[in-house]
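Protein chains in written order, with numbering that gives the first Met the number 0: chain A, 0 to 111; chain B, 0 to 111.
FYI, nobody ran anything at the bench for these hints, they're computed from the structure. A quick note: this is a predicted structure, and the numbers were derived from the prediction, not measured. All the given hints hold, so there is nothing to weed out.
No farther apart than 16 Å at their CA atoms in a straight line, the calculated lysine to aspartate or glutamate pairs in the EDC-like style are these: (1) B:28 with B:6; (2) B:5 with A:84; (3) B:81 with B:103; (4) B:28 with B:59; (5) A:5 with B:84; (6) A:7 with B:84; (7) B:28 with B:56; (8) B:90 with A:33; (9) A:90 with A:57; (10) A:5 with A:29; (11) B:89 with B:56; (12) A:28 with A:59; (13) B:7 with A:84; (14) A:5 with A:21; (15) B:89 with A:30; (16) A:89 with B:33; (17) A:90 with A:56; (18) B:89 with A:33; (19) A:89 with A:57; (20) A:90 with B:33; (21) A:81 with A:101; (22) A:89 with B:30.
Covered stretches of chain A, as calculated for chain B (at least 3 residues, CB under 8 Å): (23) 0 to 9; (24) 70 to 80; (25) 87 to 95.
Positions of the beta carbon are idealized from the N, C-alpha and C atoms, including for glycine.
There are 2 protein chains.
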Amino acid sequence: MIRGTKDKVVIPNCRGGVGSVEIHNKVTKEDLVDGLSLFAKVVIHPYSTIGYHLHTDDAEAYYLLEGQGVFLNHNEERIDVKAGDLCLIKKGQSHGLENHNDQELHIIAIVY
Amino acid sequence: MIRGTKDKVVIPNCRGGVGSVEIHNKVTKEDLVDGLSLFAKVVIHPYSTIGYHLHTDDAEAYYLLEGQGVFLNHNEERIDVKAGDLCLIKKGQSHGLENHNDQELHIIAIVY
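Model the full assembly from the supplied sequences, consistent with the hints where possible.
Spelled out as structure tokens, the structure:
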């Protein structure tokens, strides 16, 4: 099965963050793809963030495609990350991602 | 947890294909990341392919980052794909991916 972008949405204050992010959904929960409930390309606009939030029932990975950011891990440690880095949390953990630059930060987000 | 590239390997005749591919592993089965047994950036060199192969026990997604190729789906149909496309197979299905161009084809491969 080939999926282009299913829908594209711009979300202000994503997960309680600041600014806005753009989400290009490829796979969502409604697709019933075994093992994956989200596959999306996400553009975090300049000076915008995905707020720190908890994953109760699933795990998530952010893979940085382009740009740089600050990842907040499950211990709320702030870690500088750049293109090529993969940021993982397990089920029951929290995370967030911040773009403090004037360039967009492009990532792939997968929930599984 | 942040993962850069764990190891980088060049594989000739990947899965019975032609030419060579370069695999930058971020997560492998040994990492015991719940739900993910592979997360890798894969570079399919010019005029190279990942041969058609079966996934008995897991599903896989190829996400095209850069370049274009031909995806062989579970019915052995050949489908032109390009950057931004996500190619999914389910557990028990087969697939392959071919680069017939003089440019590299960059993808993310996840097994789950």
